[in-house]
Amino acid sequence: MEKRKDLLVAALESGTVIDHIPTDKVFTIVQLLQLDRCTDQVTIGNNLESARFGKKGIIKIANRFFSDAEISQLAVVCPNIRLCIIKDYEVVEKKQVTLPDELDNVVHCANPVCITNNEPMKTVFYVTDKQRGVVKCRYCGKEQQIENIKLV
Amino acid sequence: MGNRSIVSIADYSREKIQNLLDMASEFEKAPNRRLLQGKVVATLFFEPSTRTRLSFETAANRLGARVIGFTDPKVTSSSKGETLKDTIKMVSNYADVIVMRHKLEGAALYASEVTNVPIINAGDGSNLHPSQTMLDLYSIYKTQGTLENLNIYMVGDLKYGRTVHSLLMSMRKYNPTFHFIAPKELEMPDEYKLYCQQNNVNYIEQTDFTEDTIADADILYMTRVQRERFTDLMEYERVKDAYILKADMLGKCRDNMKILHPLPRVNEIEYDVDDSKHAYYFEQAQNGLYAREALICDVLGITLEDIRNDKTII
Chain A
904 MEKRKDLLVA
914 ALESGTVIDH
924 IPTDKVFTIV
934 QLLQLDRCTD
944 QVTIGNNLES
954 ARFGKKGIIK
964 IANRFFSDAE
974 ISQLAVVCPN
984 IRLCIIKDYE
994 VVEKKQVTLP
1004 DELDNVVHCA
1014 NPVCITNNEP
1024 MKTVFYVTDK
1034 QRGVVKCRYC
1044 GKEQQIENIK
1054 LV
Chain B
82 MGNRSIVSIA
92 DYSREKIQNL
102 LDMASEFEKA
112 PNRRLLQGKV
122 VATLFFEPST
132 RTRLSFETAA
142 NRLGARVIGF
152 TDPKVTSSSK
162 GETLKDTIKM
172 VSNYADVIVM
182 RHKLEGAALY
192 ASEVTNVPII
202 NAGDGSNLHP
212 SQTMLDLYSI
222 YKTQGTLENL
232 NIYMVGDLKY
242 GRTVHSLLMS
252 MRKYNPTFHF
262 IAPKELEMPD
272 EYKLYCQQNN
282 VNYIEQTDFT
292 EDTIADADIL
302 YMTRVQRERF
312 TDLMEYERVK
322 DAYILKADML
332 GKCRDNMKIL
342 HPLPRVNEIE
352 YDVDDSKHAY
362 YFEQAQNGLY
372 AREALICDVL
382 GITLEDIRND
392 KTII
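Note that the protein sequences, when read in sequence, are chains A and B.
Those letters in the first sequence? Residues 904 to 1055, by the working numbering.
Those letters in the second sequence? Residues 82 to 395, by the working numbering.
Incorrect hints may have been included.
Within a straight-line C-alpha distance of at most 30 Å, the following computed DSSO-like cross-link-like pairs (lysine-lysine) qualify [unchecked claim]:
| # | chain 1 | residue 1 | chain 2 | residue 2 |
| --- | --- | --- | --- | --- |
| 1 | B | K392 | A | K1025 |
| 2 | A | K1045 | B | K240 |
| 3 | A | K1033 | A | K998 |
| 4 | A | K1039 | B | K392 |
| 5 | B | K254 | A | K1053 |
| 6 | B | K240 | A | K1053 |
| 7 | B | K254 | A | K1045 |
| 8 | B | K184 | A | K1053 |
| 9 | B | K97 | B | K392 |
| 10 | A | K990 | A | K958 |
| 11 | A | K997 | A | K1033 |
| 12 | A | K998 | A | K1053 |
| 13 | B | K155 | A | K1045 |
Where chain A lies over chain B, by a calculated footprint (3+ residues, C-beta under 8 Å) [what the hints assert, rightly or not]:
| # | region |
| --- | --- |
| 14 | 182 to 195 |
| 15 | 281 to 289 |
Honestly, the hints are just simulated from the structure, not real lab data.
Everything numeric in this text was worked out from a predicted model, so none of it was measured.
Backbone N, C-alpha and C fix where the C-beta goes; we use that ideal spot for every residue, glycine too.
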């Protein structure tokens, strides 16, 4: 019997496709969006060929649509990914993820003597340079590079 | 919660700063009043600071307010693990103004968000210390007659010196020319140089501290070069005596030049300078009283007009 060389991945009827994920960020996103606990169909692909990036990751999640807060978190982890919203097998919306002007309780301040790291309180960061990914803590005022700071 | 708290004065307008300077000037003419009779001022010093606390408490007392508070967090519930929020909420039930010093950066801003009682930031870690900045501005204004177009020389530890950073930001609207005189290891951080560039503020950096290099100064702002700031103690030994002001360095300086220092000093200004007409650091500390009287009144909504028409002068 001839062995099958491919397996079909079902097209989404309804849900979200996260595309153009850097290969080292795929599982960070799985964790961030808590996809390990998702009971709907989830397809995770990594090290797929990409014309633009060489290799990329892709995640398809059935029946799930993300809030703006979740999208802000995604933007912090990887600023250049794209979301495709699928309804009735059609892409109804493409969203390029960008850093918002303000991050409410998304990341921890890297400054150990900042009040936010010592009180049970929410953090607030202002994005001061979207290009270079620089954010500034509302409380201690320290500017920091977004890739160096931890998610809440 | 929107209230009249003073967390930072870096973004105050020229009008607002002038208003506070004029208020301080009124208090200098008549520091003792009953303007705050019936009010309670809380001084919460989560981190000890005798000088700042005495100045604030004197300001409150001289205006007729009562003072409550603590001077050491060891005697309070924060040592039992109470959060800052809970302490502030509790004290808000008793006081009309809360003056607070905390070792954590951003503590005063957070406190101002959890209460409707106005907060005055008396220093939050190495972040901000607006009442010091206010008294520095008042001292400059009083001795020079203006804040405009001055040559301000900052000497010593410009890397960690919170007071020089705050002063730099508050002076930006007055077209100053800064001279930064510091050892390489303690030079002005890049973020503040960038800040100057973005705000079109002129600055000159130099490492030499001599009679000639300070000849054009209007204000000589001295700070302490602290041993514990150095990673390389050889470097400390090499530079520690290079940033000491001596009386014989004042021969060429401008007649109007005044020497400021946030105090305490250790050895960076020699004692023979104290007798010079240029020495101003003790008067500067006294100006702190008037500046803090102005800040307490401002957060309580008492205006310059109210102070000028005040009938409670003792």
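These are the hints, each one checked on the structure:
| no. | hint | in the structure |
| --- | --- | --- |
| 1 | B:K392 to A:K1025 | 46 Å, violated |
| 2 | A:K1045 to B:K240 | 15 Å, holds |
| 3 | A:K1033 to A:K998 | 17 Å, holds |
| 4 | A:K1039 to B:K392 | 46 Å, violated |
| 5 | B:K254 to A:K1053 | 37 Å, violated |
| 6 | B:K240 to A:K1053 | 27 Å, holds |
| 7 | B:K254 to A:K1045 | 23 Å, holds |
| 8 | B:K184 to A:K1053 | 23 Å, holds |
| 9 | B:K97 to B:K392 | 24 Å, holds |
| 10 | A:K990 to A:K958 | 27 Å, holds |
| 11 | A:K997 to A:K1033 | 20 Å, holds |
| 12 | A:K998 to A:K1053 | 24 Å, holds |
| 13 | B:K155 to A:K1045 | 28 Å, holds |
| 14 | 182 to 195 | holds (count 8) |
| 15 | 281 to 289 | violated (count 0) |
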